[in-house]
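> Line by line, the protein sequences are chains A and B.
Counting in my numbering, the first sequence runs from 1 upward without gaps.
Counting in my numbering, the second sequence runs from 523 upward without gaps.
No lab work stands behind these hints: they were computed from the structure.
For each residue, glycine too, the CB sits at the ideal point set by N, CA and C.
One should not assume that every hint holds.
Chain A regions said to be covered by chain B (calculated; three or more residues, Cβ under 8 angstroms) [claimed, not checked]:
1) 177 to 188
2) 233 to 245
3) 443 to 452
Facing chain A, from chain B, some residues (calculated, C-beta under 10 angstroms) [unchecked claim]:
4) LYS538
5) GLY809
6) LEU811
7) GLY848
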Amino acid sequence: MATLHTDVLVIGGGSTGVGVARDAAMRGFSTVLVDRGDLATGTTGRFHGLLHSGGRYVVKDPKAAEECIHENVILRRIAADCIEDTGGLFVSTPIDTPEYADRFVEGCRAAGIPVEEIPVAEALRREPRMNPLISRAFTVPDASVDSWKTVWACARSAQAYGSRILPYHEVLDLTVEGGAVRGALVKDRRGGEDVRIDADFVVNASGAWAGRIAAMAGCDATVLPGKGIMIAMNHRLVNTVVNRCEMPADGDIIVPIRTVSVIGTTDQKVADPDDWQIARDEVQKMMDAGENLVPGFRRARALRVWGGVRPLFQDKAEGADTRDVTRAHTLLNHRQRDGVERFLTITGGKFCTFRLMAEDTVDALCAEVGVEHACRTADEPLPDSEPGRYYWLGSRVERREPTLHEDQLICECELVSRRRLEAAMLRRETVDLDDIRRTIRLGMGPCQGGFCIYRATGILHQVEKIPGEAANRSLLDFVQERWKGVQPILYGDQLRQARLDDWIFQGILDVAHLPGGWVGAA
Amino acid sequence: MDTMEWVRGSLDHCVKCTICETFCPVSNVTPLFPGPKYVGPQLERFRTDDGSPDASLDYCSGCGICTTVCPQGVKIAEINSQARAKMKAQRGIPLRDRIIARPSAMGKVGTPLAPIANFFLKNHAFRWLVERTLRVHRKAPMPLFAGRTFQSWARRHPPLTPATKAIVYFHGCSANHFEPRVAQMAVAVLEHNGYRVIVPRQDCCGLPLQSNGLFDDARRYVRKLARNLEPYARRGYDIVATSTSCGLMLKREAREILELEDDEDLRTVSAHMFDICEFLLSLHERGALRTDFRPLDMRVPYHAPCQQQGHGIGKPALELFGLIPGLEVVDSDVACCGVAGTYGLKTEKYDIAMEVGAPLFRQVTAVATEVAACDSETCRWQITRATGIPSVHPVELLYRAYGLS
Ligand SMILES: Cc1cc2nc3c(=O)[nH]c(=O)nc-3n(C[C@H](O)[C@H](O)[C@H](O)COP(=O)(O)OP(=O)(O)OC[C@H]3O[C@@H](n4cnc5c(N)ncnc54)[C@H](O)[C@@H]3O)c2cc1C
Ligand code: SF4
Ligand code: SF4
């Protein structure tokens, strides 16, 4: 069994985990980060895409609101390349309580969120598809943020500071000796081998799974998994984040992110963060909510639906509605709580507060081990964000324009060229097309891989020099994964697309009989 | 109107089948244009109000073929038009495009000065100068001024009496300033069929402005025109047009591309607009068209302009020609002559336009004994310029066969 030694072991490769790994590495600790899957495949990769201004929480959860605006300002500075500065609107729709708007404004002022009321006509000029019956409109500094890009940028930065990042490494057990956590037993899910990681300190950043990891050290951390679903619509129905000006509710926000606009979300307590379904009535609820914000929404093309589980910490596991739990984060020092040393759990919070969560965690870690190193993550930009320029939607088009004739287009919907695809394959050390998808948005557009994924499979075969069977399996896995997200929203345009794709896969390529085997039914 | 069905919303219907790309005449001849699927439904997802950085979009000629062939109802050409307008608004619109987009203004200046203006238009040195300064290709087809407008002819033309039926004629800029003969023949054909022809005051429909990305100016023109025509439409008069593209503008394009769906006048006018051949054929179908045609012994290549496909009326001229004894017509199977309004005039696009039209020119040259026929004026000029063979509007053949000359 291979053994690794490190100062700090971080469990969980979501935003929180990579944030901690980077922060700790920047403060001079040697760190190893493990995740049971690829980076950002937990909640972080399945979130709504909103860089909160905090506006959503000003009435209900002022503490969370303050954290959000604080971090909003910092992330705009250090992660500009991951953020599109869309701005946000809070609008009073016909079904909203009119009095809420004044409380909202008061709350924003108290939390320090820049808010400005604009005339309804102006709001409609900016967003012509929005419900014309809105009665008030406010601007706030919401934005949209790409979590994959952010997580990978953090990971690359952490690596530059000496971290080892180990995706597909699952923690099976923690080693506890003499009242302290000493490391973990980890399984390499790709190579199939077990790895022992000896660590002076362990940080549990496993989000909704944090309770399980804590339990491995005999500690208690009750995390209520709160499931939420989102639906991506085929194009940008709005170009600004549009929120209902109301107490947080289901489907009250549309986030324009990259080429799509995403409506979300719901909140439903689930028993197991790995075992839940997307129900038909949830989808319907999202479509109805969308209709209230953008009339005609139900007939627009829905691309894909997915869900994620919120890690909501509750000291005593009671109460049915997880939306009532604070969205501010929680840091558990298990020495104080459970008498187990050298072990911290960081959970709750939001994507947009990950840096702050990491800072608090590493501060506590420093205090535990008795060293003093100042946190620098609020000032040092992430890789590619150094110029401080926000990402903008047209950038792929702009980059493509001068190479129209030389560089073959592989994924037409998301404009992934051959060169870009090959570079991503070489950089990612993976033969999983779904990993590549998250890195460069391969196959994420309207046709959901129907026109690009077999092209990409051929290139994968060539670039990675893997056997045809292995390439075929990657193709089939990809197709099945896509199908899962499409199947619950099959109507109208997406149904037509699915029929055409199916005909290409089954009828032309006969994927069911490819060498390598069909892994399931599409 | 339902916002999801606006031009942009139609991109949702695209299933990436690529049919549009196989039909686009421009992307088939030049690598400078990446094709309708790419610039239309695909790139539109990457555009915000900040516009789009794809300068290659400007190579779309706006011929509309992609929209016609798309089996899913994506308004590709319309998406391109709107995107181009935004892009040009941001980057600035060249003086050339501002000038060639105003045929009625050109007409007002050129008509009284016709002999001098025409001298210059025919002068190689002058055309060379224009190419150098304005980037209008020296060989591109430019019509000559007639010197007398159709409007002035119409004002003096005695109305048909007695007449039981009346119809409104929308002649457009080109017939007014450059080809009043076409308009006069249209009047004669309609009168021969018992119609009193009403010619209201009218100015440009704004189409050239629209296709050059000057949307605000285009809206002003088309709104004014709709206001002038609406009182007739409201009283139930049909309106016929000899200009295929300007008729289409009033029928559909202005409402969709310029987003003027709310304009009541325009909606009323749209509902009463007919292409002249469409109208004459509908008369024939009701048994109301006079068929006292004399034989015309010639072989004529006929080219239905792309914009006519946008009307969704088939090729009515072909059926009308079928009524004329002796006339042998060869229908061109080429989609586009290349000129697409003002596209082929532009220096940087002239070669593309000529290449798009090349198969058509070959066919015309091989078939024509005397003339070629085509409904749209700019296409006729392009065909004539490229082949040296005179091209006529289908009403001219009807006019001749009726013996009205
Ligand atoms: C529906 C929804 C919408 C949201 N929208 C927003 C939003 O718009 N803006 C915002 O700021 N926040 C949003 N959030 C909240 C935000 O997504 C989460 O708070 C944040 O992503 C949590 O990150 P994390 O790193 O703590 O957890 P995760 O991303 O879940 O990371 C935990 C990781 O631990 C790994 N792990 C679990 N068990 C093991 C094991 N045994 N061994 C190794 N690894 C393990 C998992 O694979 C996972 O990758 C949303 C949440 C939900 C559910
Ligand atoms: S309008 Fe004509 S030139 Fe433009 S994309 Fe469509 S087919 Fe091609
Ligand atoms: S023809 Fe229509 S559906 Fe097919 S690719 Fe073109 S726009 Fe899309």
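> For each hint, tell me whether it holds in the structure or not.
Do the hints match the structure? See the list:
1. 177 to 188: With 0 residues closer than 8 angstroms to chain B, the segment 177 to 188 of chain A misses the three-residue bar; violated.
2. 233 to 245: Three-residue rule met by the segment 233 to 245 of chain A, so holds; n is 4.
3. 443 to 452: It holds, with 5 qualifying residues against the three required.
4. LYS538: holds (5 angstroms)
5. GLY809: Status violated, d = 43 angstroms.
6. LEU811: violated (42 angstroms)
7. GLY848: Cβ of GLY848/B sits 49 angstroms from chain A, so the hint is violated.
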